[in-house]
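In order, the protein sequence lines correspond to chains A and B.
Heads up, the first sequence is in my numbering, so the first residue is 31 and it goes up one at a time.
Heads up, the second sequence is in my numbering, so the first residue is -11 and it goes up one at a time.
Please keep in mind that the hints were generated in silico from the structure rather than gathered at the bench.
Please read these numbers as outputs of a predicted model, since none were measured by experiment.
Hints may contain errors.
Away from chain B, derived, C-beta distances all over 10 Å, residues of chain A [stated by the list, open to error]:
1. Leu55
2. Ala121
3. Arg200
4. Ile231
5. Leu242
6. Ile270
7. Thr278
8. Arg291
Cβ pair distances, simulated, as ranges [unchecked claim]:
9. A:Cys113 x B:Pro25: 42 to 50 Å
10. B:Ala154 x A:Arg193: 21 to 29 Å
11. A:Pro216 x B:Met(-11): 30 to 38 Å
Quick look at which bits of chain B chain A covers, simulated, 3 or more residues with Cβ under 8 Å [as the list claims (entries may be wrong)]:
12. 42 to 48
13. 58 to 69
14. 75 to 81
By construction, the Cβ of each residue, glycine as well, lies at the ideal position given by its N, Cα and C atoms.
Chain residues, written in single-letter form:
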Amino acid sequence: MRGLHRLGFLLLVLAILAASLFPFLWFVLTSLKTQVEVTAIPPRLVPSGSLAFYRAALQEYNLLHFMKNSVIVAGFSTLGTLCLSLFAGYALARLRIRHKPLIMGSLLLVSMFPQISIAGPVWRILDQLGWLNTYQGLIVPYITLTLPLGVWIMTGFFRELPRELEDAARVDGCSHLQTLFKIIVPLAAPGVFTAAILVFIYAWNEFFFALLIMTQQPYQTLPVGIALFQGQYTIPWGEIAAASTMATVPLVLLVLLFQRRIVRGLSAGAIKG
Amino acid sequence: MAELRVENLTKRYGGDTVVNHVSFTVAQGEFCILLGPSGCGKSTILRLVAGLERQEEGAIVIGETEVSGLTPRDRDVAMVFQSYALYPHLSVYENIAFPLRIRKTSRREIDRQVRQAADLLAIGELLNRRPREISGGQRQRVAIGRAIVRNPSLFLFDEPLSNLDAKLRGAMRVELAGLHRRLGATTLYVTHDQVEAMTLGQKIVLLDAGVIQQIGTPRDLYDRPANLFTAAFIGVPPINLFAGELHRAAGGVLARFAGFAVEMGDCPSLVPHLGQAVTVGIRPESVRVGAGDVMAVLEHAEHMGSEVILYARVGEARIIARAGADFRVALGASLRLSVDSQSLHLFREGRRIEGRI
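Excised from the complex, chain B in its bound form (with noise of 0.2 Å):
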């Protein structure tokens, strides 16, 4: 296991730049994951450290050796695919092997490495069979019992479960996360999927447009979004943004937006921002429903179970909260809406302005 630093990394395509002066580092055994929309450049960034394309600019330093004129077989990383990627004409055993064989590992450690990771994964019983007779997860499973045999200094996963069905992506993910407690592996992840980044992550680099947005342990880029990118790609329902106005008031200074009107308290560094237009957030759970003197109409409610996502109007604003399980109000009705200061997220130029002090 290792370090990697990633160091000033960019990546042209012709005229376009498609990674833009990236620089993060993953500790040693650490669980970090490339996050972005797609085609923010979190894919190529795997593949520049996997040596499978070649950057234009910047280091990449893998423990102590800078790998960027390495080709991928002298960096000492494991890779597992969106694709799985398995070798159609062999068979699992000859899958997990196969990085071993091109090592010229002995038979019988190889015996040994393929048993091991096999019984790790549970697919003994599959050893025999080729890539098409097994189920999508079993795939996946094989393809990540290639990577451990290896026991590389590094693994990179690219967007491993995004081609399994729903059920199976969110048991894969717990299974993935303790394979990493148990191996304690150095770990990049790319993925599109917030649900993912927040619940495998040790940190976060949120990527668009091939520039870093954040880095951050997830609650950081929940808590605390840095601009209004990380405040809005983050969160399932999505934060509310609404434009306001920042003025100064009796009690220090107050928040205007969509119909609202918060009191933030006697907060200096708020002062030079007074009379600008700014971008207001507050996510959908701040939002406090039943009480307060803003009036909202409801217009759609969706049920999910443990709890009811509100959508409603707030004048031309439209606003989402979320509601117990137990709300019951008809569409089209009333609703009185308030939020706390604390909650607020403040933007500036798409910046977070910070509240409190």
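Same shape as in the complex, but just chain A (with noise of 0.2 Å):
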């Protein structure tokens, strides 16, 4: 009985895992397929190995530049997004703010509209300024957009730091900066990792505002520029699936990298630490 009882939950986690990775798993297979292979009837399950979708993805789609311009818009969303949740959440972590659970609230509240709905509010204001196919233009909506989430993250984390921690800073001379550079941000080290990799990741993926914002491809990031890959009448199933997996790589590895940070961070505040 305990042993059917195992065998049913072993089939339920093996059928849950193939089922959200057999996407992930046909486009590296199809990435290393020949043109041949990837329309041939019926399907082949193992690929000869070719990497000449990879090199065309990198050479005729320009894929370098698509990244170049990910790692930029993500990496500066991220930074951004970090510097001022750390000033937020230690201010409603610490400081006596009236109002506080309404301000955590409408935070919250922000984070839920349908991107659809500022869509077109968030495209004139950037119209206006003249930031639509800047680097400018997408960092800052992804900054307002991941704010929420950093800010949650990072006032929990504060809020399980010790309160006498930040006294004893303060006998010993630091500012209110000091005492958080120096004593709350290590501490919330974990926290900090988890906001960074998450907004990374959603700053990464990104592709609703990125299509709508950057329409120019100087400035494309690699969800819509990999999106862009299809011509009129052709779509480039191998060299997409290439793209894909360079794309998709970097994240796994960040997040295989950081697991158990991001795991402690995300159940930070479930217990006491």
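Please assemble the complex out of the two chains, which come individually in their own frames, going by the hints.
Below you can see the structure in the form of structure tokens.
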């Protein structure tokens, strides 16, 4: 009976894993095929291992250019969000501010708006500023959209830290800012990491705003660039698969590398640490 | 080192006055204890002196400087916290060096100071460890080390021993006393533990509900409690308190309480209180067992090794007495008790009446 129970559990886990990994696996396999194999019927499961699509994606479709844009946009968005949420989180966790629950609540509310409902106003504002097709035109909206997440994570972390540490730092001669950077931030590092990675992933993957705001190729990010690989009559599946693989792998590595910190970060507040 | 003067200090949280017009002085080099039950405002006073909170009224003067408007960093005080508050991400060395680094002391001077403090506290081998890798007693030493290297005008201790187990607490008490003798530092020390207060303090400021109850040496508080609160708070086992009355008798004034009738002699200071309800206090060691004409029934005895604590009943009242280690009487047996007029503490409306001239 117990064995059966375990077997059932295992099968369920495998099924969920297969369902979520299948698309990823499929485009990794596709990326390693040749042009003939991609359209073969019946489909070939095992690719021949050709790197032709990777070469094409990098050279003909200029993937590195889009990747550079993505690194710039996602990087600065992460930096910006982190900086702001560090200060906001500390203030919300520690200072005596009136209507704190209201502030936290409205922050959460902001992150709940469907993107399409703010797309119009955001586009018009950026148009007025002349920021369409500029890096800051995408970075600033990304910071706005990821700020609630960052602030919530940081606030949660700062709340958990013992107050006596800050008192000790103040008596030891630290100003408020020194206390924040010498004591609080190092101790809240898991939270900082978590926020950083989640924001980076969001900015890296974001498609809708990127498509809307970056209409010219020099500023387009990876998701938009890859989506626009397709011509009027052709869809270069192999090159898209290769490009998608190259866009995904850095993120996967990043998450695997920091997974313990992220898990700690996400569960902070659940248990006293 | 400097003198600390607290004048008329008042702190309110919302409508609650947690520190109520408190004034006291800690002389240069003095070890002063703020004692009281939890919630009496003693830790708040310490935080006010440190500058971690701001008072509504009153002044705090360290040396010649009125520091009320200054931030903690400009007050030149060092503080040891109940939880030690060591920085978990820094080594023991860096923890002790931290206040010096913030003050941009030279590297060589920092090293000299840290090693000197580490030697003094016998934590030289721990300098490279992290706080989580050392024991509670060692953490306490590190916290003290971090305070010492500052060479501040004033040391503040916030219940520094209450997280240690009983045995270690006793040892650290002796060390703290020794350290104070060596450094001669002006010290303000908060505790709820009267044993710490009695053994460490040169002066005790006893607080209840934000109000000072009595200021004095440990002996003052024990021998001449100014009010019922002080009498009841100080002393283990606690003082016996009985409702009683003062009468005029042939030999002068007679105190009657719980079956006892004690001749107070001809004492003019008691005359205004004749016929009034008073509270009579007797320390357990002042109750003489085995002689006298008051009969008590022994209900319980605690053998402490060096002595026996007796819990007995006199009529409706209960009384605690101390007896020698060789005391042997079965529970339920009768005891003869007597008290000496010199050892009585008399209180009227909560305040001490001086029974002797």
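Can you give the numbers of the hints that this structure goes against, from lowest to highest?
-> 3 and 12
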